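K.L.:
Chains A and B supply the protein sequences, listed in that same order.
Take the first sequence: its position 102, counting from 1, is numbered 102 in my numbering, and each next residue is one higher.
With positions in the second sequence counted from 1, the corresponding number in my numbering is that position plus 179.
Each hint should be verified, as a subset may be incorrect.
Lysine to any residue pairs mimicking SDA-like chemistry, simulated, CA-CA at most 25 Å apart [unchecked claim]: (1) B/Lys412 with B/Leu519; (2) A/Lys82 with B/Thr354; (3) B/Lys477 with A/Pro72; (4) A/Lys27 with B/Ala486; (5) A/Lys27 with A/Phe59; (6) A/Lys27 with B/Pro365; (7) A/Lys27 with B/Lys450; (8) B/Lys190 with B/Glu353; (9) A/Lys152 with A/Leu173; (10) A/Lys27 with B/Ala320; (11) A/Lys82 with B/Pro641; (12) A/Lys82 with B/Ser471; (13) B/Lys450 with B/Gly362; (14) B/Lys524 with B/Asn489; (15) A/Lys27 with B/Ala284; (16) B/Lys477 with A/Gln75; (17) A/Lys82 with B/Lys450; (18) A/Lys82 with B/Lys524; (19) B/Lys557 with B/Asn518; (20) A/Lys82 with B/Leu519; (21) A/Lys27 with B/Ser311; (22) A/Lys27 with B/Ala281; (23) B/Lys477 with A/Gly78; (24) A/Lys82 with A/Ser127; (25) A/Lys82 with B/Gly243; (26) B/Lys524 with B/Lys557; (27) A/Lys27 with B/Tyr324; (28) A/Lys82 with B/Gly362; (29) A/Lys27 with B/His364; (30) A/Lys27 with B/Asn518; (31) A/Lys82 with B/Ala281; (32) A/Lys82 with B/Val260; (33) A/Lys27 with B/Asp294; (34) B/Lys190 with B/Gln344; (35) A/Lys27 with B/Gly329; (36) A/Lys82 with B/Met627; (37) A/Lys82 with B/Gly301; (38) B/Lys412 with B/Asn518; (39) A/Lys27 with B/Glu525; (40) A/Lys27 with B/Thr328.
Hints are computed from structural coordinates only; laboratory data are not their basis.
Just so you know, these numbers come straight off a predicted model, no measurement behind them.
The residues making up each chain are set out below.
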Amino acid sequence: MTPEPFLGTTDATPVRHHILSVLVENKAGVLARIAGLFARRGFNIYSLAVAPAEGNARFSRVTIVVDAASAPLEQIVGQLDKLVNVVAITDLAPRDAIERELLLATLSVDDDNRGAVLDVAANNGASIVDVNGASVTVMLAGTPGACDVLEKALESFADVELQRTGRVALPRLVQTANV
Amino acid sequence: MQLTGAQALIKSLEHEGVDTIFGLPGGAILPVYDPIIDSSIRHILVRHEQGAGHMAEGYALATGRPGVAMVTSGPGATNIVTPIGNAHMDSTPLIVITGQVATAAIGSDAFQECDITGITMGITKHNFLIQSAHEIPRVVASAFYLATTGRPGPVLIDLPKDISQSTMEWWYPETIEELDLPGYHPEVALNDDAVARAIELIGLSERPVLYVGGGTLKSRAHEELLTFAERTKIPVVTTLMARGAFPDSHEQNLGMPGMHGVYSAVTALQKSDLLIALGARFDDRVTGQLSSFAAGAKIIHVDIDRAEFNKVRRADVTLQTNVAVALRAFEAAQATPQNLDVWWKEIRTWQERYPLFYEEPEADGPLRPQYVVEAIAKAAPAGTIVAAGVGQHQMWASQYWPFEEPGTWVNSGGAGTMGFGVPAAIGAKVGRPDRTVWCIDGDGCFQMTAQELVTARAEGIPIKVAILNNAYLGMVRQWQEMFYDERYSEVYLSADLPDYVMWAEAMGCVGLRAHNVKEMHEAIAKANSINDVPVVIDFRTDSAEKVYPMVATGTSNDDIMVHPIQRGEAR
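Please model the entire structure based on the sequences and the hints provided.
P.N.:
Next up, the structure:
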């Protein structure tokens with residue numbers, strides 16, 4: 001499999017964003033410690049996602065997209081590393097990372113626009129995950145850029161309720177010559 | 180052995196070698212106060228929880244061992260927030276134990292409940308809310324390990340009442356691994372490449388300065404500093420947090436840099452071609468306007484905390500290590516700068532031209548505060564410990580007291596906490612009962628925490644307090660005089676209200692007063708003859724006296740203002 005092309009940044013993403021994959025102890029208040037640190041030092045968080053790491057009850061992985069224009073990355077990492085519950089920090093430049101995000105959107109549909117909604121979903125690789133007579137919920141799991149494109153495309157519809165997870169990321173695999 | 184959580188806490192503190200707890204009981208911490216009766220640990224009963232915190236800080240600064248304070252939940256805990264913040268800013272090892280409401284009541288707005296771990300998250304190195312009696316030994320051992328290793332700092336332990344009343348089977352962690360701190364690695368391997376680059380920069384320098392910060396004292400690196408400085412002949416400046424790290428009597432010590440630093444220390448930094456920053460953090464009070472600070476200097480930054488690197492000033496070489504380790508590496512390689520004769524000649528010219536200066540007081544008063552500090556120092560035995568509050572008196576004490584050894588200067592640097600002096604002096608005296616301890620205080624600061632002199636008298640802690648009473652919040656007054664067209668807003672306190680002598684006497688201390696030079700010498704001699712109870716001297720000083728030199732906020736260190744008489748102006 002060839003790696004995906006780097007999609008670059010989009011309107012909704014800060015120009016100098018960095019992804020920090022932070023392994024933390026799964027203890028009460030850890031997220032507050034991280035959020036508090038960012039707030040008091042004036043570091044901007046663009047998105048944040050938390051989940052247990054590698055099925056391990058002891059650790060969680062926090063994926064933070066930071067605006068590296070708000071403070072030098074060295075300062076952000078240095079301060080974060082001082083939190084006692086932070087076990088490891090991996091700094092992923094966007095070029096070196098596989099980033100994914102989940103988007104859910106519920107739209108009102110009627111006989112006039114149902115086709116258009118389904119077309120937009122299909123054209124953007126989104127699937128229909130819930131439906132009733134008046135509404136559909138579409139889902140896209142994809143690159144942040146792909147989610148941006150879908151979000152933009154949905155703007156033309158009325159009554160859209162949209163939720164994005166913020167991105168998770170892992171290091172891009174190194175390509176070896178002979179596998 | 181079955182113990183209650185309360186017994187386990189006290190036993191854990193004993194295990195860590197604690198000899199003194201500064202504290203005040205209350206409902207949520209009540210169970211822990213029972214086993215104190217049977218413990219070898221001395222408990223000092225304070226009159227306000229802020230006093231407990233500052234006493235523990237004073238103890239830590241004077242002894243190098245962590246100070247321990249214990250208070251109850253809610254307001255007891257919030258009252259000690261200021262000392263925690265102060266210790267955080269000055270990297271002072273401090274253990275604070277707070278009672279908490281019972282586990283089941285947490286989050287219910289119970290009586291005297293507050294979220295103290297939440298409140299102190301940003302001003303502690305780490306904090307713990309204990310979840311079970313079994314983990315008490317591990318939490319206490321972890322707290323001491325965290326507070327005293329790496330960059331030291333305050334650690335808070337919040338102990339719910341039901342847990343201190345429940346029982347556990349006694350154990351104590353014997354290894355670091357048992358502490359279960361997978362994210363904490365204070366030991367950092369020395370980067371040989373960085374050392375080599377530092378040595379190269381030192382070798383090229385013609386105008387180097389050793390910019391010595393508080394981390395040098397925390398690293399216990401004063402002997403290494405003396406060895407390295409004497410061999411290389413590099414000039415030394417000691418920041419407010421590093422007074423005592425290098426003897427003031429040493430001919431290479433230029434004194435304190437910064438906003439109220441010695442002219443030659445400030446100017447040497449400005450004209451330097453290489454700053455060797457040792458556990459210093461380029462604080463705004465040292466750098467002045469950042470863009471013009473030591474503009475021609477390369478920087479070697481030695482610090483145990485890598486987050487200090489390039490935070491304020493970009494360094495050419497960073498060395499994440501203990502200051503003593505770095506200095507030993509420089510010494511092992513015999514790092515040597517160029518010939519410094521020309522540099523020293525220039526520095527000596529500045530020293531001769533602009534020494535610290537004030538006008539001699541007239542015989543019939545009012546007293547000059549600088550003169551009082553010098554007179555107390557001259558009459559004090561070697562090794563005397565000096566504590567201060569925050570403001571003009573603190574600057575005069577730091578400028579005019581001759582500091583010769585570590586642990587003799589107890590002050591609030593980064594936070595600038597008024598009222599620090601009296602309780603910190605008490606804590607220092609508890610930690611070093613063999614030493615004379617003076618608190619050089621201001622009248623404004625004294626009124627904030629003076630009640631702890633009751634504690635000092637009750638517990639037999641004979642400190643000496645010199646109030647430099649100028650009837651004003653003097654530092655603010657100075658700024659209003661200089662920068663607000665002498666429009667004095669809310670700074671007048673009165674020299675006579677309160678009556679400091681009567682107040683001292685009411686607290687069981689000896690109260691003295693001095694209006695002029697003769698009375699000053701008599702009062703100091705009297706104070707020095709009293710060693711069983713605390714003494715307070717009300718020195719009436721000149722309200723118009725200002726701290727010089729001065730670098731006004733936001734201006735360049737190049738524009739340092741020396742005393743008006745040195746500028747050829749009337750005062």
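K.L.:
Now look at each hint and say whether the structure bears it out.
P.N.:
Consistency of the hints with the structure:
Among the hinted pairs, B/Lys412 with B/Leu519 is consistent with the structure: their alpha-carbon atoms are about 8 Å apart, no more than 25 Å. Among the hinted pairs, A/Lys82 with B/Thr354 is consistent with the structure: their alpha-carbon atoms are about 22 Å apart, no more than 25 Å. Taken as a hint, the B/Lys477 and A/Pro72 pair is honoured in the structure, with Cα atoms around 20 Å apart against an allowance of 25 Å. Between A/Lys27 and B/Ala486 the alpha-carbon distance is near 24 Å, which keeps this suggested pair within the 25 Å criterion.
Between A/Lys27 and A/Phe59 the alpha-carbon distance is near 8 Å, which keeps this suggested pair within the 25 Å criterion. Distance check on the hinted pair: A/Lys27 and B/Pro365 sit about 21 Å apart at the alpha-carbon level, within 25 Å; holds. At most 25 Å may separate the alpha-carbon atoms for a hinted pair to count; A/Lys27 and B/Lys450 exceed this at roughly 50 Å. Of the pairs offered as hints, the one joining B/Lys190 and B/Glu353 holds, with about 15 Å between alpha carbons and a cut-off of 25 Å not exceeded.
Under the criterion of a C-alpha separation no larger than 25 Å, the hint pairing A/Lys152 with A/Leu173 is inconsistent with the structure, at around 30 Å. For the proposed pair A/Lys27 and B/Ala320, the alpha carbon gap of about 18 Å is at most 25 Å, so the pair holds. Between the alpha carbons of A/Lys82 and B/Pro641 the distance comes to roughly 40 Å, so the proposed pair goes past 25 Å and is violated. Proximity of A/Lys82 to B/Ser471 is assessed by CA-CA distance (about 30 Å); at most 25 Å being required, the pair is judged violated.
Of the supplied pair hints, the one linking B/Lys450 and B/Gly362 is violated, its CA atoms being roughly 42 Å apart against a limit of 25 Å. Simply put, B/Lys524 and B/Asn489 have alpha-carbon atoms about 32 Å apart, too far for the 25 Å limit, and the pair is violated. Restraint check for A/Lys27 and B/Ala284: satisfied, since their Cα atoms lie roughly 20 Å apart, inside the 25 Å limit. With a CA separation close to 20 Å, the supplied pair B/Lys477 and A/Gln75 stays within the 25 Å bound.
Pair hint A/Lys82 plus B/Lys450 does not hold up; C-alpha atoms about 34 Å apart against a cutoff of 25 Å. A distance of roughly 44 Å separates the Cα atoms of A/Lys82 and B/Lys524; the hinted pair therefore is violated under the 25 Å criterion. Proposed proximity of B/Lys557 and B/Asn518 is contradicted: the alpha carbons are some 36 Å apart, above 25 Å. About 39 Å separates the Cα atoms of A/Lys82 and B/Leu519, which puts this hinted pair outside 25 Å; it is violated.
A distance of roughly 14 Å separates the Cα atoms of A/Lys27 and B/Ser311; the hinted pair therefore holds under the 25 Å criterion. Taken as a hint, the A/Lys27 and B/Ala281 pair is honoured in the structure, with Cα atoms around 20 Å apart against an allowance of 25 Å. Between B/Lys477 and A/Gly78 the CA atoms are separated by roughly 22 Å; this keeps the pair inside 25 Å, and the hint holds. Straight-line distance between C-alpha atoms of A/Lys82 and A/Ser127 comes to about 42 Å, which puts the hinted pair past the 25 Å bound.
At roughly 22 Å between alpha-carbon atoms, A/Lys82 and B/Gly243 fall within 25 Å of each other, so this suggested pair holds. Between the alpha carbons of B/Lys524 and B/Lys557 the distance comes to roughly 30 Å, so the proposed pair goes past 25 Å and is violated. A distance of roughly 19 Å separates the Cα atoms of A/Lys27 and B/Tyr324; the hinted pair therefore holds under the 25 Å criterion. Restraint check for A/Lys82 and B/Gly362: satisfied, since their Cα atoms lie roughly 9 Å apart, inside the 25 Å limit.
For a cut-off of 25 Å, the pair hint linking A/Lys27 to B/His364 stands: about 18 Å separates their Cα positions. Note on A/Lys27 and B/Asn518: the hinted pairing is violated, with a Cα-Cα distance of about 57 Å set against a maximum of 25 Å. Note on A/Lys82 and B/Ala281: the hinted pairing is violated, with a Cα-Cα distance of about 30 Å set against a maximum of 25 Å. Between A/Lys82 and B/Val260 the CA atoms are separated by roughly 21 Å; this keeps the pair inside 25 Å, and the hint holds.
A distance of roughly 17 Å separates the Cα atoms of A/Lys27 and B/Asp294; the hinted pair therefore holds under the 25 Å criterion. Of the supplied pair hints, the one linking B/Lys190 and B/Gln344 holds, its CA atoms being roughly 15 Å apart against a limit of 25 Å. Using a Cα cut-off of 25 Å, the hinted pair A/Lys27 and B/Gly329 holds, with the two alpha carbons roughly 23 Å apart. The suggested pairing of A/Lys82 with B/Met627 is violated, with an alpha-carbon distance near 34 Å, which exceeds 25 Å.
Between A/Lys82 and B/Gly301 the CA atoms are separated by roughly 12 Å; this keeps the pair inside 25 Å, and the hint holds. For the suggested pair B/Lys412 and B/Asn518, the alpha carbons sit about 9 Å apart, so the restraint of at most 25 Å is met. Taking the CA atoms of A/Lys27 and B/Glu525, the gap is near 58 Å; set against the 25 Å cutoff, the hint is violated. Annotation: proposed proximity of A/Lys27 to B/Thr328 holds, straight-line Cα distance about 22 Å (limit 25 Å).
Hint check: violations occur at hints 7, 9, 11, 12, 13, 14, 17, 18, 19, 20, 24, 26, 30, 31, 36 and 39; the rest are consistent with the structure.
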